[in-house]
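Following the hints, put chain F in place on chain Y, whose structure we already have.
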Amino acid sequence: MSATDLLRLSAAELGEKVRAGETTSVEAAGAYLDRIAEVEGDIHAYLHLDRETALAQARAVDERIAAGEDPGPLAGVPVAHKDVFTTEDMPTTAASKILADWRPPYDATVTARLRRAGTVILGKTNMDEFAMGSSTENSAFGATRNPWNPDRIPGGSSGGSSAAVAAFEAPLATGTDTGGSIRQPAAVCGLVGAKPTYGGSSRYGLIAFASSLDTPGPIARNVLDAALLHEAFSGHDPRDSTSVDAPVPPVVEAARRADVAGLRVGVVRELGGEGYQPGVQQRFQESVELLESLGAKVVEVSCPSFDAALAAYYLIAPSECSSNLARFDAMRYGLRVGDDGGRSAEEVMSLTRAEGFGPEVKRRIILGTYALSSGYYDAYYGSAQQVRTLVKRDFDAAFENVDVLVSPTTPTTAFPIGERTGDPMSMYLADLCTIPSNLAGNAALSVPCGLAPEDGLPVGLQIMAPALADDRTYRVGAAVEAALAERRGGPLLSENAYAV
Amino acid sequence: MSAITRDEVAHLARLSRLALHEDELDQLAAQLDEIISAVAKVQEVAQGDIPPTSHALPLTNVYRPDESLPGLTPDQALAGAPAVEDQRFRVPQILGEDQ
Chain Y
228 MSATDLLRLS AAELGEKVRA GETTSVEAAG AYLDRIAEVE GDIHAYLHLD RETALAQARA
288 VDERIAAGED PGPLAGVPVA HKDVFTTEDM PTTAASKILA DWRPPYDATV TARLRRAGTV
348 ILGKTNMDEF AMGSSTENSA FGATRNPWNP DRIPGGSSGG SSAAVAAFEA PLATGTDTGG
408 SIRQPAAVCG LVGAKPTYGG SSRYGLIAFA SSLDTPGPIA RNVLDAALLH EAFSGHDPRD
468 STSVDAPVPP VVEAARRADV AGLRVGVVRE LGGEGYQPGV QQRFQESVEL LESLGAKVVE
528 VSCPSFDAAL AAYYLIAPSE CSSNLARFDA MRYGLRVGDD GGRSAEEVMS LTRAEGFGPE
588 VKRRIILGTY ALSSGYYDAY YGSAQQVRTL VKRDFDAAFE NVDVLVSPTT PTTAFPIGER
648 TGDPMSMYLA DLCTIPSNLA GNAALSVPCG LAPEDGLPVG LQIMAPALAD DRTYRVGAAV
708 EAALAERRGG PLLSENAYAV
Chain F
14 MSAITRDEVA HLARLSRLAL HEDELDQLAA QLDEIISAVA KVQEVAQGDI PPTSHALPLT
74 NVYRPDESLP GLTPDQALAG APAVEDQRFR VPQILGEDQ
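So the sequence lines, in the order shown, correspond to chains Y and F. Just so you know, we're using this note's numbering here: the first sequence kicks off at 228 and counts up by one. Just so you know, we're using this note's numbering here: the second sequence kicks off at 14 and counts up by one.
Careful: at least some of the hints might be erroneous.
The calculated DSS-like cross-link candidates involving lysine-lysine, where the alpha carbons are at most 25 Å apart (straight line), are [said to hold, decoys possible]:
| hint | chain 1 | residue 1 | chain 2 | residue 2 |
| --- | --- | --- | --- | --- |
| 1 | F | K54 | Y | K619 |
| 2 | Y | K324 | Y | K524 |
| 3 | Y | K589 | F | K54 |
| 4 | Y | K619 | Y | K524 |
Since the hints were made in silico from the structure, they are not lab data.
Okay, chain Y solo, but in the shape it has when bound (with noise of 0.2 Å):
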């Protein structure tokens, strides 16, 4: 097979064709990353990339299959790994100068199954600084930029994943989302992207952000290759004490079923209207009237606490970062600095998290220290989850009368890069969507839905589901795929300007 029809197979059919030995996994690894070479410097996807590491573990994939071993339908299929997940064998910087050489002397649960799935990791991608973010651009090692424009963002935090997966130099990504991070890069990047129920997916070695919010998951091209890459890391897992003890959703067998008749959907009234692109609402439209025309029954539903959801959000995971990132002391491993032998621990601890921590970390660390400090507490962040427990009331009420709620993923496409960066709320308002499903726990995945006529770029279709019913999302997702697919005579991706 040439290097560009490996390229553009998905990574259902690439590991079908590593299986079937029409093709190998060192083959499939050594075509991403010569694409890696060629893109790479116009995108800015990656932070680490060491061919060398790559191509050794693509052989010893080729080699468990030439021993008889089947590791599942993901075998011989490269992925890019998000810079927030410890691997062994590279190093791991969640986009921060107080981690930029550290090497992690353990893999997250999340990278020991892709190894134990047969992936291939090509490298650690680019995202936020500690995925605190919606546009990559908080990272320390430089932007992402979207290869549908390169002067917009590719939104964030998962941007270098939704980036590298968009450009042809990966088939699938991981990411983490806690507040939008998955879904958001995603949606403005053309692919299908699912925030997991919380504790659906492992949390070890996942660099904290927010613990209660936190939640890994995949990046694709499509829908059933997003869901092979969930089943492949998803499940309980022991080391994580708010891991799920319940068996994986059926993603995939969703996926494949792609049918929504007589499935009762819900458009979320307070998630649109004012402050919505015009054509972001107008594809968003199409798709529920897409929905209808499969056989779906659309009802409008209110839920009025996501009015709050934004603010209850912007207190609850700032508090919880600044309790995280406590960590990051300069004792025992990092960034140190001004270490001369005069100052106390204290002084280099401060001068060192002064010195290692971006702006947008900065910022929410104090912000969580207000909020949590006495005096304010019971006005922020117990508010905060009194909010929290009225959009969890919101959904469960509304999930009593439909399977699955729908809105548009981000209120905008992609926006400008540096158009956002001096204005902190008007950044945060890309996560208007899709914070409520962080804060209640649930299953949650953006489909793309089409461009809008203004600026060409892509919408996203946001899909939730009760705790759980993931399966529901997928469902839901590959008919959208699909109708829209045939309707517009191929898939949405082939239409960006680093599509192979």
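Just chain F now, kept in the frame of chain Y:
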């Protein structure tokens, strides 16, 4: 009235062990003022006796069987340390002269 003053930001920075520059304090005070005013919206909605939710799922403590498992070797544990001495993390002085 502003929601947060520059002095408060300086105090929070000390609590957070962040040695911020003067210009950072100025910028943060202005930005945090705007952010806090916006997130204060939670107070309008969260009134009365609504119970708080700290976590999406009901949590119970999880124990593993009391068995010894392989851990990191001292070399692995110290591999990322900024300074090491005699198989230990070497850190700056943590107590004052008279403590």
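### Query
Taking each numbered hint in turn, which are not upheld by the structure, reported in ascending numerical order?
The structure conflicts with hint 2 only, although it agrees with all the remaining ones.
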